[in-house]
Amino acid sequence: MRREQLTVLSRDPFGPYSLLRLERGAIQPGIPGQFFMLEAPGRLLPRPMSLCLAPPGELAFLIDPIGPGTESLCSLGAGDAIHVFGPLGNGFRLDVERPLLVGGGIGIAPLPYLSDRLGHPRAVLGFRSEWHAEAAALVPNAEVAIEPTLVTELIEPGFDVLACGPERMLDAVRLNCPGSQLAWEAPMACGYGACYGCAVEIGGEWKRLCVDGPVLEAAA
Amino acid sequence: MLLNASGCLDALTAPETALQLDAFVTKTVTPLPRGGNAPVRITETDVGMLNSIGLANPGREVFLNETLPRLVEIGVPVWVSVGGFSAVEYAATCAAIDGRDGVVAVELNLSCPNVDEAPESAAEIVAACRAATALPLYAKLSPASWDVGAVACAVEAAGADGLSLVNTLRGIKLDPNLAPVLGTAAGGLSGPALKPVALAAVHACFRVSSLPIVGMGGVATGRDALELLAVGARAVGIGTVLFSDPSAPARIRDELAAELAALGLSSAEQACGIVHQEALPERKHLDLGSRV
Chain A
0 MRREQLTVLS RDPFGPYSLL RLERGAIQPG IPGQFFMLEA PGRLLPRPMS LCLAPPGELA
60 FLIDPIGPGT ESLCSLGAGD AIHVFGPLGN GFRLDVERPL LVGGGIGIAP LPYLSDRLGH
120 PRAVLGFRSE WHAEAAALVP NAEVAIEPTL VTELIEPGFD VLACGPERML DAVRLNCPGS
180 QLAWEAPMAC GYGACYGCAV EIGGEWKRLC VDGPVLEAAA
Chain B
0 MLLNASGCLD ALTAPETALQ LDAFVTKTVT PLPRGGNAPV RITETDVGML NSIGLANPGR
60 EVFLNETLPR LVEIGVPVWV SVGGFSAVEY AATCAAIDGR DGVVAVELNL SCPNVDEAPE
120 SAAEIVAACR AATALPLYAK LSPASWDVGA VACAVEAAGA DGLSLVNTLR GIKLDPNLAP
180 VLGTAAGGLS GPALKPVALA AVHACFRVSS LPIVGMGGVA TGRDALELLA VGARAVGIGT
240 VLFSDPSAPA RIRDELAAEL AALGLSSAEQ ACGIVHQEAL PERKHLDLGS RV
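Protein chains in written order, with numbering that gives the first Met the number 0: chain A, 0 to 219; chain B, 0 to 291.
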């Protein structure tokens, strides 16, 4: 992991989301599902974002402007610079035989890079509206479900599921697809094990999602 | 001397950050394991951050047998932050730490805002711990007491060797629907909002107590560190800034050196308490170097 100030190349809209493209500098993209702490200009704490795409020389993050930090990130433009720290945490295990990517809403963020690394396997993505679903263009071979249809209705048995999305979606995947790899989310201040803000209780044990996750395997 | 504020760094996951410090202060150790509070545990405010971790720690036995040996291996001197729910509990942990290699001091967490207050007074806890260990005892005090200077005098009389000032202040943040964001509603406020509070507490305690002070609260730059020294701190702790910048200790050290040089001072010690030298002529000839 490394912390460096990176320059913004562009910010491209995908529905309500922004794809923030940064010069890579000397920071490694890491494994899909790993995340980076992005300085949110004007805010005290950085924001954790999983890597969305890793084109040569770039790091790109898909961001949903839902609060002051993410709104700050979504107001950046070409030429601005922010500190980026990472890659952090544990990503997806890539040695899967029949991968199926499952994403919900802004939870599709790590899937484009994951898809690239796995040779563009089938993906199923759920969104709350057609507008939000514009982000599906980032994921090759994706089938889209719009509410009230749920993305979990598109999951067929027999696949190695790799999923990221809202907690309710991940809970449903966990129950229906034992052995799946799930990327969880929690508010965190630091991203490197210092603050204990992202701790979640799993199987009676407290885990820091930043260092023990964010990708965790669902019990088989 | 630069330390981390307890609970703001895990040296095991970030040894390179810990090695930038003069000493590493552990997360508070309690006799029994604590999972901590239910999420949400942290949130940002416009003036700082709130945490409601709740003294999550593996408990004394696991700490002593598993965590501490790994911490000592890193090579940075260790201060153990000790917590409990009675003077007996605090003292038992102090006794267990006493004589352990690599541990150079104990910080008594007398002021965590995320658990119920210890039933006994700060002075009673310090006195019990004094009898249990020969290690230097630093009493970490809350800035929320009516007269922090009086608490400082009480713990000094009880045998404390130093003061850590300050712990967080209790605060609440509401979401757009007027519900508390944190799982426990209230949490500890840290970051920039705490700096003036810390300055006032260090300022007050320096005037009434001769104990060396570790000043902490909202330090993010060398200038912040200089201000804490100026009101009377002999060492500086950094906390919230570590969350956004794991290289903050080295940066703050460099910035402080530049601040001191700009004032014509050759060491941090020379800056200790200079505010009081100006304000209190009778202190002008005080040998600040002897306030260890």
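It is worth saying that the hints were derived from the structure and are not from the lab. It is possible that part of the hints are untrue.
[Said to hold, decoys possible] Computed list of chain B residues with no C-beta within reach of chain A, every gap over 12 Å:
#1 D97
#2 W145
#3 V240
[Claimed, not checked] Residues on chain B that point at chain A, a partial pick, calculated with CB under 7 Å:
#4 P14
#5 R40
#6 M48
#7 V61
#8 E65
#9 T66
#10 P68
A quick note: this is a predicted structure, and the numbers were derived from the prediction, not measured. We treat Cβ as the ideally placed atom computed from N, Cα and C, and that holds for glycine.
Outcome of the hint check:
At roughly 27 Å from the closest C-beta of chain A, the C-beta of B/D97 stays outside 12 Å, upholding its exclusion from the interface. For B/W145, the requirement that its beta carbon stay farther than 12 Å from each beta carbon of chain A is met, with the minimum near 29 Å. Remark: the non-interface label on B/V240 conflicts with the geometry, its nearest Cβ contact in chain A lying 9 Å away (cut-off 12 Å). Interface restraint check for B/P14: the shortest CB-CB distance to chain A comes to about 11 Å, outside 7 Å, so the restraint is violated.
Among the interface hints, the one on B/R40 holds; its C-beta lies about 5 Å from the nearest C-beta in chain A, closer than the 7 Å criterion. Given hint, B/M48 at the interface with chain A, holds; its Cβ is 6 Å from that chain's nearest Cβ, closer than 7 Å. About 13 Å separates the beta-carbon of B/V61 from the nearest beta-carbon of chain A, more than 7 Å, and the hint is not met. The interface hint given for B/E65 is violated, since its Cβ lies 15 Å from the closest Cβ of chain A, which is over the 7 Å cut-off.
For B/T66, the suggested interface contact is broken, since its CB lies about 13 Å from the closest CB of chain A, more than 7 Å. Checking B/P68 against chain A by beta carbon gives a least distance of about 18 Å; that is not within 7 Å, so the hint is violated.
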